[in-house]
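Colleague: Each protein sequence line maps, in turn, to chains D and H. The first sequence begins at 180 in this note's numbering and counts up by one. The second sequence begins at 180 in this note's numbering and counts up by one.
Among the hints, erroneous ones may be present.
Claimed, not checked - Each computed DSSO-like pair below joins lysine-lysine, with the alpha-carbon atoms no more than 27 angstroms apart: (1) H:K308 x D:K200; (2) H:K377 x H:K308; (3) H:K328 x D:K328.
The set of hints was computed from the structure by calculation and includes no laboratory data.
There are 2 protein chains.
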Amino acid sequence: MDILDIGKLKRSGQSEKTRVKDVGERSIISVIHRLQAIVPMGYVGIGDDAAYLPPSDKGWLISQDMLIEDVHFRWGWITPEQLGAKAVIVNMSDIAAMGGVPKAILTSIALPGDFEVEAIEALYRGISKALDRYRAVLIGGDTVLSPDKFTLDVSVLGEPGPHGPVLLTGAKPGDRLFVTGRLGASYAGLVLLSHGIKWPSTSVSYRSVLQAHLAPLARVQAGTQLGPLAHAMTDISDGLISELRAMTRFGGIGVKIQAEKIPVDEATRDVAQEYGKDALDFALYGGEDYELLVAIPPSRVHEVEKLCLTCGLSITEIGVVTDTLGIHVGRNGEEMKIDDRKGFHHFAVDRDQS
Amino acid sequence: MDILDIGKLKRSGQSEKTRVKDVGERSIISVIHRLQAIVPMGYVGIGDDAAYLPPSDKGWLISQDMLIEDVHFRWGWITPEQLGAKAVIVNMSDIAAMGGVPKAILTSIALPGDFEVEAIEALYRGISKALDRYRAVLIGGDTVLSPDKFTLDVSVLGEPGPHGPVLLTGAKPGDRLFVTGRLGASYAGLVLLSHGIKWPSTSVSYRSVLQAHLAPLARVQAGTQLGPLAHAMTDISDGLISELRAMTRFGGIGVKIQAEKIPVDEATRDVAQEYGKDALDFALYGGEDYELLVAIPPSRVHEVEKLCLTCGLSITEIGVVTDTLGIHVGRNGEEMKIDDRKGFHHFAVDRDQS
């Protein structure tokens, strides 16, 4: 429950670029929450032994994700402000995937000694902006020195929808499969970054996919709207195929998808073409899209259609749940070969993770 | 919400010492929870986008602490099993400090490529033992590759006591100050480790203080018993002086402590003497004791005394809250000079953190 005191840091800084090692771990501790909105009544926030979440007759959802420098991101590719926001958003996406609404986060951060204090401020500005967008608050965490890499571990707490959490499993044969937004754009952005193209670029297509990768959104509103209609729901963080596998892992079901129906936008197609890649691969295996994958029983499909018309929800039907096992993707009347080794992590072009 | 699949790892291991890099991040994922107790009805555990905590009319407490190799611990000094247990316990101690009962944890773990799979198993055996002791469960987390140091970030969720969370602040002039257990032993253990003495040693004193450092306990029962009587409560993780400062930071109060009353056991005195140190310094500045510091109004002191007699609670009165600012420690009729720079981190003998 220790949080950095930027004010103190600044006062004690000698040079223009103040570094974490110049000020020390103990003197670093206390007020990043100055950058944050005031925690609502009923919560206990930063400064005590533990944070407190008020009673909720719906219970609480909680998710935790760790990001490490040079494994999950590179400082040359993403700014501290973008990283702070993205770390929050990817966790909120897990809450959205359960049909819930994010309410509070905790951040554990490990700072290398030569990390610039100004970058910490930018990081928490990004965290704060992401929180503000979804009306959530920072209630605690931990701040430590790192002997090597920058590490950020975020926990997010959210309230489930009125009917409780919407699980990953539960899809039934006959359910129709929908995805929100567009797929593959984030991976297209990663391809650009790995080829030395930096945010912000001057090309409209480039900006669009770089934005998808560096500044994704969490589909919280869509999750609360679709959740009550869904048999099963998850967010697409590891690529569509990987999520379809997870969704059908139990229950003796499979899926049949039409490749042509998968929403891949023009910017993603442009980038794929430029680098001699298949844009569909980006959508199927790329990952980090943070869109929702939803199984809707046929009887409620008309309600989804109504949501599209009345709420401006961007959602596309891509296939159907079957009682035959396996992931089947049809393309131009033929069945595509699915390569499970092409998961997000193995598909990555120039990323240095395994 | 990804957790390692030890079974799969073992099957895919070629040599006796299977390492994380031999099996890869993606194939590592799924069943550390085999080592864990089954999550109670009403919770959603590992495997979905987010974990779910059932409704509680008391709300939930949450705390998060990050441990990094060579910053917070050294592998030569502590076993993976001890580390796993300690990581859970230090978080549970934060819940105990709010008068709450820990119920569930999430673990984010970053594994270097050459980390042994057997060590992961030992780590989670330690986590599991700590959970079992307090009847709590593992409900989720994240597992990632680390480019360098081993990192473990634990979140713990707990239910507050019947009267809600017991805060760090709230002590009033006239309140009597109590601490549970003994202080300084953990630091004495750290002194031994920094001088090359390893667990388990053959000396009774050594074993006692090494145990205090490597395998601390969380004062959950004491917290639930003392919480309802207390104006303020916290756990002693950073040394008594540091916690007294935190407790008196707001509210225009101070404290008066009697050095002779501070519970420092014989084993700690033995080690301090052997290394030419003052055992009282260990208790005042050492940290990592995870005992509770409690401010009790005079009208309820007799209830604390009754708890000692009927519940075997080990608790010692060490001083009083005053309406004069500052931390005053009397020793042999004179006032000791308090050195605030002697915090846990700066006092450390041979630790390599700042």
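Colleague: Are there hints from earlier that the structure breaks, and if so, what are their numbers?
Modeller: 1
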